[in-house]
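Novice: The sequence shown lines up with residues 1 to 376 when you count with the numbering used here.
Hints may contain errors.
As the list claims (entries may be wrong) - Heads up, simulated DSSO-like pairs for lysine-lysine below, C-alpha to C-alpha not over 27 angstroms straight-line:
#: 1; residue 1: K314; residue 2: K279
#: 2; residue 1: K220; residue 2: K140
#: 3; residue 1: K314; residue 2: K339
#: 4; residue 1: K343; residue 2: K16
#: 5; residue 1: K252; residue 2: K203
#: 6; residue 1: K343; residue 2: K189
#: 7; residue 1: K180; residue 2: K314
#: 8; residue 1: K264; residue 2: K246
#: 9; residue 1: K16; residue 2: K314
#: 10; residue 1: K157; residue 2: K146
#: 11; residue 1: K189; residue 2: K146
#: 12; residue 1: K60; residue 2: K146
What the hints assert, rightly or not - Simulated restraints, written as ranges between beta carbons of each label pair:
#: 13; residue 1: E210; residue 2: D275; range: 41 to 49 angstroms
#: 14; residue 1: E121; residue 2: K157; range: 30 to 38 angstroms
#: 15; residue 1: R245; residue 2: R141; range: 42 to 50 angstroms
#: 16; residue 1: L110; residue 2: R155; range: 36 to 44 angstroms
#: 17; residue 1: D376; residue 2: A320; range: 25 to 33 angstroms
#: 18; residue 1: P349; residue 2: E69; range: 51 to 59 angstroms
#: 19; residue 1: K157; residue 2: R134; range: 26 to 34 angstroms
Simulated from the structure, these hints should not be mistaken for lab results.
We put the beta carbon where it would ideally sit given N, CA and C, even for glycine.
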Amino acid sequence: MKLEFTLKQINRYYIKSHSLLCDSHQKNPVEVVREICGLNAQSARAPYLSLWGRIEGFKKSELSKALYEDKLLIKTWLLRGTVHIVPVQDFTIYQKALQGYLVERLRRYLKGVSFGLKANERVKLHQSILDELRDASLTKRELLSKVEHLMRDYRGKEQKIIMFRAIWELSHQGLICHGKPTGPWYHFKENRFTSVENWLSGKEPEGINEAEAKRILLEKYLHSYGPASIQDFAYWTGFRVTDARKILDEVKDRIVSVKINDAKGSFLMLKEDVDVLNKIDKDMRSVRFLPEFDSIVMGHKDKSRILNERYRKKVFLPLASVAPTILQGGRVIGIWNYKFIDKSLTLSPFRSLGTEEIRKIKRESSQLKQFLESPD
């Protein structure tokens, strides 16, 4: 069994695992979301564009239906404490695996807060919020109007801050999630929230404990993002590296170490995936336009496998923002930007492009613009 690969082979396998090749487009949104271990939904348009780049003929209504009507997907704070969309049937895996990290992260944040409700007052507020969201989907403003009597000692901005903290805490505990927001598909006007119990009604996944959830999450990660280092897994989840290593010890019998030429470090993948990697061909010509925060860009701590270090600051921007990218053969070769106000699409390649590259980028950018401007 061959266990040494070139970076080009790895990147080809990587984009195949993420449904970014022409031979992997005949799938539905739920299948793709499961394969890539969640859609980043920090911006309104990102999940739609992530699926557009992966599903032939994808329409915006397909995601909206699967998420907000059929409720086969669920949106909440998960990986790294950021908003993601995952399949309902996998929600317990993510929530149980990440809850300890999320709660501890929130606890550290709240240590620096100078005001807030007493413990018994907070319990009452949380229960009241859950009661209001049991059969409803409300914005923060709507929710605040129903529970502000529990925050009589606070006014205005302070009440809003307390409300946001409560929503954050209950989300991190796996009790509430995002409902359908107000505003157009590409821009959040106001987020809505509802109870997880309401969202999962009739679709409750089987119970699972934290240790088992963490093992499964590592295996899912390696299937989608491997070969990867344990530092990559820690970065992707938000775990400490020491905690990530403990999870690795529990599944080491299913994992093999591989070498990537031109890359430093130790890389891991599932034994069952090695044969697929060995059969990857050399066709690396596909071009894809990906949104901000796409899983391809956020999946590894070491960005050098997909991005030349000299261009890192063009992609990873101040205030933890990430630019939309142009991907060719598993490498980021540029960034793009679209303004809805004047329907302008700007392309910024990092290097000179060949005739064939320009042709493919023009074709893909034309299709992107059509998708962005179409009603569905």
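Novice: Which numbered conditions among the earlier hints are violated in the structure presented, ordered from lowest to highest?
Specialist: Result: hints 1, 2, 4, 5, 7, 12, 13, 14, 16 and 18 break, sorted rising.
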